[in-house]
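Trainee: Listed below, chain by chain, are the residues.
There are 2 protein chains.
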Amino acid sequence: MNDEFYMNLAIDEAWKYQFLTYPNPAVGCVILDKNKQILSIQAHKKAGLAHAELEAIKEALKKLNPNLDIPDEPNKAHEFILKNHSNLLKDGIAYVSLEPCSHQGKTPPCVELFTGLKFKKVFIAALDNTKAGGGFEILKNKGISKHSTLCEERAKDLLKPFYKWQRGEAFKLFKLALSLNGSALGKDISSKESRIYAHKIRSVIDLLVIGGRTMRMDRPILDARLVDGKAPNLCILSHKSLESFDKNISAFCIKGRNYYDHIPKDTKFMMFEGGENFLKSFKNDMDAFLIFSNSRFTAEKSLSLDLNFKAIYRGELGGDSYGIYELQK
Amino acid sequence: MNDEFYMNLAIDEAWKYQFLTYPNPAVGCVILDKNKQILSIQAHKKAGLAHAELEAIKEALKKLNPNLDIPDEPNKAHEFILKNHSNLLKDGIAYVSLEPCSHQGKTPPCVELFTGLKFKKVFIAALDNTKAGGGFEILKNKGISKHSTLCEERAKDLLKPFYKWQRGEAFKLFKLALSLNGSALGKDISSKESRIYAHKIRSVIDLLVIGGRTMRMDRPILDARLVDGKAPNLCILSHKSLESFDKNISAFCIKGRNYYDHIPKDTKFMMFEGGENFLKSFKNDMDAFLIFSNSRFTAEKSLSLDLNFKAIYRGELGGDSYGIYELQK
Numbered sequence: 001m002n003d004e005f006y007m008n009l010a011i012d013e014a015w016k017y018q019f020l021t022y023p024n025p026a027v028g029c030v031i032l033d034k035n036k037q038i039l040s041i042q043a044h045k046k047a048g049l050a051h052a053e054l055e056a057i058k059e060a061l062k063k064l065n066p067n068l069d070i071p072d073e074p075n076k077a078h079e080f081i082l083k084n085h086s087n088l089l090k091d092g093i094a095y096v097s098l099e100p101c102s103h104q105g106k107t108p109p110c111v112e113l114f115t116g117l118k119f120k121k122v123f124i125a126a127l128d129n130t131k132a133g134g135g136f137e138i139l140k141n142k143g144i145s146k147h148s149t150l151c152e153e154r155a156k157d158l159l160k161p162f163y164k165w166q167r168g169e170a171f172k173l174f175k176l177a178l179s180l181n182g183s184a185l186g187k188d189i190s191s192k193e194s195r196i197y198a199h200k201i202r203s204v205i206d207l208l209v210i211g212g213r214t215m216r217m218d219r220p221i222l223d224a225r226l227v228d229g230k231a232p233n234l235c236i237l238s239h240k241s242l243e244s245f246d247k248n249i250s251a252f253c254i255k256g257r258n259y260y261d262h263i264p265k266d267t268k269f270m271m272f273e274g275g276e277n278f279l280k281s282f283k284n285d286m287d288a289f290l291i292f293s294n295s296r297f298t299a300e301k302s303l304s305l306d307l308n309f310k311a312i313y314r315g316e317l318g319g320d321s322y323g324i325y326e327l328q329k
Numbered sequence: 001m002n003d004e005f006y007m008n009l010a011i012d013e014a015w016k017y018q019f020l021t022y023p024n025p026a027v028g029c030v031i032l033d034k035n036k037q038i039l040s041i042q043a044h045k046k047a048g049l050a051h052a053e054l055e056a057i058k059e060a061l062k063k064l065n066p067n068l069d070i071p072d073e074p075n076k077a078h079e080f081i082l083k084n085h086s087n088l089l090k091d092g093i094a095y096v097s098l099e100p101c102s103h104q105g106k107t108p109p110c111v112e113l114f115t116g117l118k119f120k121k122v123f124i125a126a127l128d129n130t131k132a133g134g135g136f137e138i139l140k141n142k143g144i145s146k147h148s149t150l151c152e153e154r155a156k157d158l159l160k161p162f163y164k165w166q167r168g169e170a171f172k173l174f175k176l177a178l179s180l181n182g183s184a185l186g187k188d189i190s191s192k193e194s195r196i197y198a199h200k201i202r203s204v205i206d207l208l209v210i211g212g213r214t215m216r217m218d219r220p221i222l223d224a225r226l227v228d229g230k231a232p233n234l235c236i237l238s239h240k241s242l243e244s245f246d247k248n249i250s251a252f253c254i255k256g257r258n259y260y261d262h263i264p265k266d267t268k269f270m271m272f273e274g275g276e277n278f279l280k281s282f283k284n285d286m287d288a289f290l291i292f293s294n295s296r297f298t299a300e301k302s303l304s305l306d307l308n309f310k311a312i313y314r315g316e317l318g319g320d321s322y323g324i325y326e327l328q329k
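Protein chains in written order, with full-length UniProt numbering: chain L, 1 to 329; chain B, 1 to 329.
What the hints contain is simulated information worked out from the structure, not anything from laboratory work. This one's a predicted model, so the numbers in the text were calculated from it and none came from an experiment. Each hint should be verified, as a subset may be incorrect.
Pairs involving identical chains hold if they fit within one copy or between any two copies, as the list cannot separate such chains.
Claimed, not checked - Straight-line distance between alpha carbons at most 30 Å, and here's what the computed DSBU-like set of lysine-lysine pairs gives: (1) Lys62 / Lys121; (2) Lys265 / Lys120; (3) Lys36 / Lys118; (4) Lys329 / Lys118.
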């Protein structure tokens, strides 16, 4: 297959972790051996954990030598690999959706892995203009790197939350769970897998934003229990004061959670959850929309409003399909 | 990657041609070289054209030797390949979603290709119990075949229209085009790519079935013009007689098309097209549902009925997502 095929595998893997790596970028990496066998398809999973390149190289090496006992901790893994790779990945080929980092951050520079292990080629879809950038130039000077523009747009779509963070701007995501015929009403609309993804996002956002009506009618918990994650701070947008709400509503009973009746200044990553009215009120403020659709038709009322989206990613979770959309203006 | 990964690539490729190969089964094939590089991912595209295995082997050989001038016609291609393969695919590995045929039909037995070209392994997801079967045993006796049960269910889902045809039974597909919030109303709901797929299906079905109301209100053409295909015969289910319809409606102006007010006996492959009421009337008679969803919310009325589907495939066409569903009873 061609380079585009492999880069798309890397990008698709990264999309599975979109939003979960915040404030880091979502990045995917595919490693081929010198004969072009696919050895690994990996992604960066969470800020602080191994970068996509390290994850992919670890898996590739383990496939070639199952006895290699690579440490889990990224700094130790990096050091171990540079010492013990035994040229197993010499002349290998890598496809990375974002330029490999060239600086020591929480984890060591990924570019060292490609030079140290003597890769033949590293394809890069999108360049990195932060202080972590420069990896492309280093690899290019050694004759092993190529900036492929083939999948650049898809790779840059992945980076939108990261770009906003870089600029010090907030990223606002709207989450909506629908039936196949567009109703947001009813209980347990989404599959368990979809809800797990939403809970993972809740565990990394700075603020969950909901409407007062949802709070009063649904009496939700709005935590990240499905992934044992930290419950996000909560902003309740309502024309009624926070004091007027029943404090026995589950969402109010979580220790350590902060509550707001407005979005605090400098909040960076927030997810809005709600139905038709909440969407109507805030659609124009959103950076992206995460819409889950299950496999059921229901006789409940469906959403009714005119909106034109563009899907920048589509995936499946359990029995649901989901899309990450932007509003077409 | 593991065998399941490659078999899923083969099966996904076959799904792109689901319904279009009727009465043949939809089949996909992936070819790896002896070093496990992916050389080709192909599918059977239409009855009478090359089988998936021949398509995949042709592409793999051309990749290894671009000068090979393989004829287009399947019988000639088959003969040419057996004479001119130069052991290029010796020790190759193939993943086929359905047992390769062992008999001369419109095209020669695919199993000969694998033995003649000295493949090392052929993985098969689903066995074929028709007269074309037996390929697995032949390959197994030569030590090169393995029936993988990993993806058997997905491979068998692909074969459902074929199984029905084998038993002499009709296959009934319901096509529905929706907005993301479940409305079937409005014009040009689907992307061009979705409409092309629907027109390709129209060009292979025996009968298109619609309701009298759609005929009178939409005055549709219901042909296969987007793919220069044959317009299907038309059945209009209505409480009014066919004679009462305005004969200037475009669908009546197609030469060579037959019209019915009932489904003729022995009709094998038919597609029902309609909206909420037509779906309500015939949902329990259907074998599968092809549902396109675009990326728009609309203020038009959405479908309102309780139905529980199971998705057996999901894909993307242009800006649309689509699913092939079965009714959960």
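Trainee: Next step is simple, just say for each hint if it's right about the structure.
Mentor: The hints, checked one at a time:
For the identical chains of this complex, Lys62 and Lys121 are neighbours both inside a copy (20 Å) and across copies (24 Å), given an alpha-carbon limit of 30 Å. For a Cα distance limit of 30 Å, the shortest separation of Lys265 from Lys120 qualifies neither inside one copy, at 48 Å, nor across copies, at 64 Å. In this homomeric assembly, Lys36 and Lys118 come within 30 Å of each other (Cα to Cα) both inside a single copy, at 15 Å, and across copies, at 21 Å. Taking the closest pair of Cα atoms, Lys329 and Lys118 never come within 30 Å of each other, the shortest separation being 47 Å inside a single copy and 57 Å across copies.
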